[in-house]
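The listed protein sequences derive, respectively, from chains A and B. Numbering that gives the first Met the number 0 puts the first sequence at residues 0 to 239. Numbering that gives the first Met the number 0 puts the second sequence at residues 0 to 199.
Calculated from the structure, these hints are not laboratory results. C-beta atoms are modelled at their ideal positions from N, C-alpha and C, and glycine is treated no differently. Just to be clear, a hint being listed does not mean it is correct.
[Said to hold, decoys possible] A short, non-exhaustive set of chain B residues, derived as facing chain A with CB atoms under 10 Å:
(1) H109
(2) D112
(3) Q120
(4) R169
[What the hints assert, rightly or not] If you anchor each label on the Cβ, the simulated ranges turn out as follows:
(5) A:N234 - B:G13: 15 to 25 Å
(6) A:L105 - B:P15: 37 to 47 Å
(7) B:S1 - A:S205: 46 to 56 Å
(8) A:N230 - B:P117: 31 to 41 Å
(9) A:G133 - B:D57: 18 to 28 Å
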Amino acid sequence: MLLVSSQSRLNMRLTPQAGRTTPKKRAKSPVFNVERFLDSAGVGRKINKFQANETLFTQGSPANSVMYLQEGGVKLTVVNESGKEAVVAILGPGDFLGEGCLAGELLCMATAMAIGPTTVLTIEKDEMTRALHGEHEFSDRFIAYMLARNLRVQQDLIDQLFNSSEKRLARTLLLLARYGAPGQPEKTLPKISQETLAEMIGTTRSRVNFFMNKFRKLGFIEYNGVIRVNNSLLNIVLSD
Amino acid sequence: MSEYADNQEIYAQGEPATTLFFIQQGGVRLSTQTKGQPSATTGILGVHDFFGELCLADYPYRMSKAVALSASSIRIIKKGDMLELLRRTTRASNALVSYLLSSVKRYQDHVADLLTSPAEQRLARVLLRLAHLDKGGPAVVEIPVVSHQVLAEMVGTTRPRINLFMNRFREEGYINYDGGLEVRQSLRKVLRVEKKSTAA
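In isolation and in its complexed conformation, chain B is listed as follows (with noise of 0.2 Å):
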């Protein structure tokens, strides 16, 4: 178990792997550079997720940078000692089963949402993710304030337009900064009025 500050980095791109992670409390922010290009925010992580796991199949560098995003505590394990939980207990197996299944699914909607919606309905959809709102839950949750380049970086748009989407969000009661970023249900009136004018 090793505890991390906010915004620690917990690894770099290209170390090489030999561990896997696993939040037990704060969260993780994954990014990825590539050869000319700007870094893209591929993942926010939050308790119960793993991270890392591509070395136990046999990648030998890190394919992504990780970094804290708050205070975190999270567990390290090593890659053969996963190997071995993995064979010896379903529990574990169940776990990195299901995290995979659902890390597929919210990159596969993150890519269908860049295909499909404007960038301000991202940007909403991308806020109630973050706050586990988007399949309901209480009216106002917490988040940890992310930076507008992050959620430009993970909306594909400009700091600008966030800025601009941020702002008008505030305006509408939908979102508050306090300290924290208060995420609100009614965010997801964003999402229904694009809906509405389609329809119209």
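With the rest of the complex left out, here is chain A (with noise of 0.2 Å):
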């Protein structure tokens, strides 16, 4: 099985070119940067901050910005016609999210819940979209980052067709503690309850209290009021 976190992608360049280290100087001026853009506020972007349990935007409210989660941890929740709720996703820094408005979504799809204290920078569309077309290093690390997702929301898919209930926990912790991501891996877990990781797999409460029990008996994750995780967790998605 497969562990994609999509930061693990997010920093490679999409051409050759790009990853030199003498910056090119375009004819255009002043030189976008990046990580400036997605750093700072600006024309039709701005800093908001939000409070864990606090709501970023609600399924069916109008789409009409991109968000970039600078800091924190967010959750996707959706509810079904027969209001059921699944959470769909658990994204942390580097990700965006309410990015189906670009796709001409008029419509929030899902529900976007703060899971701790987060920073995110609200892209007004019409500037997502300038920046797009007009920048190519942003577009370059959009798409990027959208070859990433599309792959993990794809293995997300898969586990739940075929992996166990505590297979899918396993992955799930790994990839929330950024299993796999580049640089000095986050060990420890934002704050999210037995619950919220029951509606990710698709169980119930109980039997992921169960598992989770048996990992840390079996000295895959560690908690003292925050949770870890140790690498040793991966024997339990790798096992057949």
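Can you join these two chains into the complex? Each is in its own frame, and there are hints to help.
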């Protein structure tokens, strides 16, 4: 089974030229800087802060901006026609959300809620479209992100179709701990309830509790206040 | 541009990935197999969809298998050419971005569906999606026949259960087999019936 964090490929460039260190002078000035664009407020972009459990946007509300997660974490939930709720994604720093509006969606298709103190850059749809069209570096980065995200949701689907709830829980914990992300991997989890974990993997809270205790006894995870994930948890995911 | 016959393999999982594909006509089924598991159908693609696009993100191997669903014309684009095209024209990058956005949404919807709906409704939604009837459209659409096994893989249930539901749908007149598979708008009733019974 594959573990693909949307972070893991984010820093790669789409073209070999773009990877060179000498910045090419473009005819356009000032020089566009992707990091600066995503780190700071400006025309059509503002920084918003949210507390844990605060709602960023709700399913069915008008969709007119894209958010870039700078800090913290967000869970996306969807309610179906018969009122059942499911968590479809947990996003972390470096992820985009609300990007559906770029595809012409008029309403938000999910509810986004902060799972801890969270900082996002809200980019108005028009500004986002302008940057995607006008700034190659930015569109490269966004396409790379979307490719990785696409693979991740595909793996989520396979996971859901085939794996036992124990394996799904192990994979979800590893993804939340950003296993496979570049640099120093964060081994501690954002604060997340067993209820939410149960909604993500499609099982009951008591089953999650049972597996979490099992993982702890086996030394795969530790918790006192925060949950720490050890690499040995991979054994569960990789076992047959 | 390449022509593929019905059921012809376009690439296998694990092959080196140096090209991506754009469907001009026909359809393609993507499936993925992981060690010790049955294969999972992760997508049924149609006209104007891309596939094999992960090579752009430097994944060296194919992550899934692609098979033509019917006679298909498919444009093969070299990775380098596509990167060049993405740099030069906004139209190419727009097309790719909008495909990726809709693909992410489709996967996410599918997962949400697995987590929240019973198998019969999931099957109805898969059929409506294949016929592009999920957002309205004509009363009847004919789609290439998809085997019950493939439907079972997509819905996340067993082949006998699919067989049962398909027969029920046919008796109700929601679908019809006649060479191809006809899907009618009325299949949407399956989604609504459930809603009423939960409300009651």
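Hints, verified against the model:
Interface hint status for H109 of chain B: upheld, as the beta-carbon distance to the closest one in chain A is roughly 5 Å, under 10 Å. This hint holds: D112 of chain B has a C-beta 7 Å from the nearest C-beta of chain A, less than the 10 Å allowed. With a cut of 10 Å, the hint placing Q120 of chain B at the interface with chain A holds, because the nearest CB-to-CB distance is about 9 Å. Interface hint at R169 of chain B: violated, since its Cβ lies 24 Å from the closest Cβ of chain A, which is beyond the 10 Å cut-off.
Separated by about 24 Å at the C-beta atoms, N234 of chain A and G13 of chain B satisfy the suggested range of 15 to 25 Å. The supplied range of 37 to 47 Å is met by L105 of chain A and P15 of chain B, whose beta-carbon atoms lie about 41 Å from each other. For the pair S1 of chain B and S205 of chain A, the beta carbons lie near 53 Å from each other, so the given range of 46 to 56 Å is met. Here the CB-CB span from N230 of chain A to P117 of chain B is close to 38 Å, well matched to the stated 31 to 41 Å.
The beta-carbon spacing between G133 of chain A and D57 of chain B, approximately 25 Å, falls within the hinted interval of 18 to 28 Å.
Hint check: a violation occurs at hint 4 only; the rest are consistent with the structure.
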